[in-house]
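6 protein chains.
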Amino acid sequence: MAEVAKTSPDLARFVEEFAYGDINTRGGLSQRERQIATVAALTALGHAQPQLKSHLHGALNVGCSRREVMEVILQMSVYAGFPAALNAAFSAREVFRERDARHLQP
Amino acid sequence: MAEVAKTSPDLARFVEEFAYGDINTRGGLSQRERQIATVAALTALGHAQPQLKSHLHGALNVGCSRREVMEVILQMSVYAGFPAALNAAFSAREVFRERDARHLQP
Amino acid sequence: MAEVAKTSPDLARFVEEFAYGDINTRGGLSQRERQIATVAALTALGHAQPQLKSHLHGALNVGCSRREVMEVILQMSVYAGFPAALNAAFSAREVFRERDARHLQP
Amino acid sequence: MAEVAKTSPDLARFVEEFAYGDINTRGGLSQRERQIATVAALTALGHAQPQLKSHLHGALNVGCSRREVMEVILQMSVYAGFPAALNAAFSAREVFRERDARHLQP
Amino acid sequence: MAEVAKTSPDLARFVEEFAYGDINTRGGLSQRERQIATVAALTALGHAQPQLKSHLHGALNVGCSRREVMEVILQMSVYAGFPAALNAAFSAREVFRERDARHLQP
Amino acid sequence: MAEVAKTSPDLARFVEEFAYGDINTRGGLSQRERQIATVAALTALGHAQPQLKSHLHGALNVGCSRREVMEVILQMSVYAGFPAALNAAFSAREVFRERDARHLQP
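Protein chains in written order, with my numbering: chain X, 1 to 106; chain S, 1 to 106; chain E, 1 to 106; chain A, 1 to 106; chain C, 1 to 106; chain U, 1 to 106.
I should point out that these hints are in silico values taken from the structure, not numbers from a laboratory.
All values reported here derive from a predicted model rather than from experimental measurement.
Keep in mind that the hints are not guaranteed to be accurate.
Claimed, not checked - Covered, in the sense of this in silico footprint (three residues per stretch, anywhere, with C-beta under 8 angstroms from a C-beta of chain E), are these stretches of chain U:
hint, stretch
1, 1-14
2, 32-39
3, 74-87
4, 90-98
For each residue, glycine too, the CB sits at the ideal point set by N, CA and C.
With the sequences and hints as input, model every part of the structure.
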């Protein structure tokens, strides 16, 4: 996001204010449920691997287990097909390795 | 689904066996979380309104409130844009009306 | 939008504030150029015909001619394929008829 | 296509010349294989049901059986998910009924 | 696939059982026709280049010529636009080079 | 494009003749407006970063400023979501760096 801010400070600000400010801090769903919804959507969309990786970290940081995020990805094979699920599984593997390397739980 | 079974009994059987049998009955996520993930993905994909309506009923039937499914849809405006969220909101309105007409809770 | 506001007042408010408030009133592009960009994107996405019709009206209201919006749609056959362009042309025809019936220029 | 030609004669001409003239009359694939490829792609894209119906007729007209086009649609559940395959199956059912009503084989 | 199996053995198993077991071994279409359908769909979807490359190998392995798979890709410019066809052509070039390096026919 | 021509001379020729010949040289929209439409569509589609980069150069070459193309990308967050806009912003940053390295204006 620091990188985006250099090219487009306004885009970075909108992500900050709208996505993280207005939407994700609303009540009505737990942080865990919001991350499950986002991981599902980004897996299904298919063209958003950098954002998917960021939200896989997010999901693991707010209490999802590795198995749980893999279940969300697996379920997407039904709704968006196996290529979308497989590409998301590749992103998950990278996220898990990053977390292993940085000794992050889970 | 009865309609699909007339044109393509095999497709209906695969939906039944793979989507409802193999995937949705797996452990690791609650039924409620699986429906949240599915509503998010179908909202983001945009071209699957009949399936979205079916899963909005599903989400409400396994314990989500109307406000909660609307929160999932609202959140998708961040990840898939406002047209996707607005079209899902139209589907949700129809689902709520169907449930009102049939006196279904919630 | 009045319809959306009944089901989801918050979604209607975000469209109002973010899409129409924060983004479309920014300087840096003319209203005409913003509408051209939006018609192009909604044509390419393919699953947003109600929003496309709304922005075709918008484009015509801020100074685009009917020929100009059809040129944008035609150009999208190169980038998103003929089905996307054809479906947008159907929406444009409906918009032109609505405007004819209401004696709107252009 | 006659309808499109009224709103956008140039778009109709490009479809005619480019899609039907330049591409579909090329050698290297049989007409039957070209229709299989098109039915597969339009099923996967999901937002092009009118064009899918037109090409389902096309496939049946150049020698595919009803079972064969349903196999293509069924196979797409693997690559684009079940909602895409189900919506295509609905379009196929309508095409089959139209052909039954007009006593067309197959 | 061996890589996927490490992160998600269940996803690998579903691909194996459902995609390769249940669907691709069905009768009703030749292996060659199934590969043409898959290459077409993955080209049109655009976000599945690793899977496209795998199925380009598959198509060439079951009897398609290089010219034939390029015809499928070329045809997709009509239905999904030139960017989708161009990106698939880049993947095809890589596949052809891999096969040249490994002295595979065709 | 020279690269594509080696694998698929016909695809390169169709891009040349249809996209650059038939469509982009039509009257009815300025070159600047056509580039704005294309940048918008490729940002929204999400799976066409190489083509987006090519058209960002194109837009800057026909008179758009860097701020103007960033405005188009920013606007797409409304219609296609933030991931699509962010990925396009990454492509824009690379294009700006390429132009800086080659001392191109703007």
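Next item on the list: If any of the earlier hints don't hold here, list their numbers in rising order.
Entry: 1, 4
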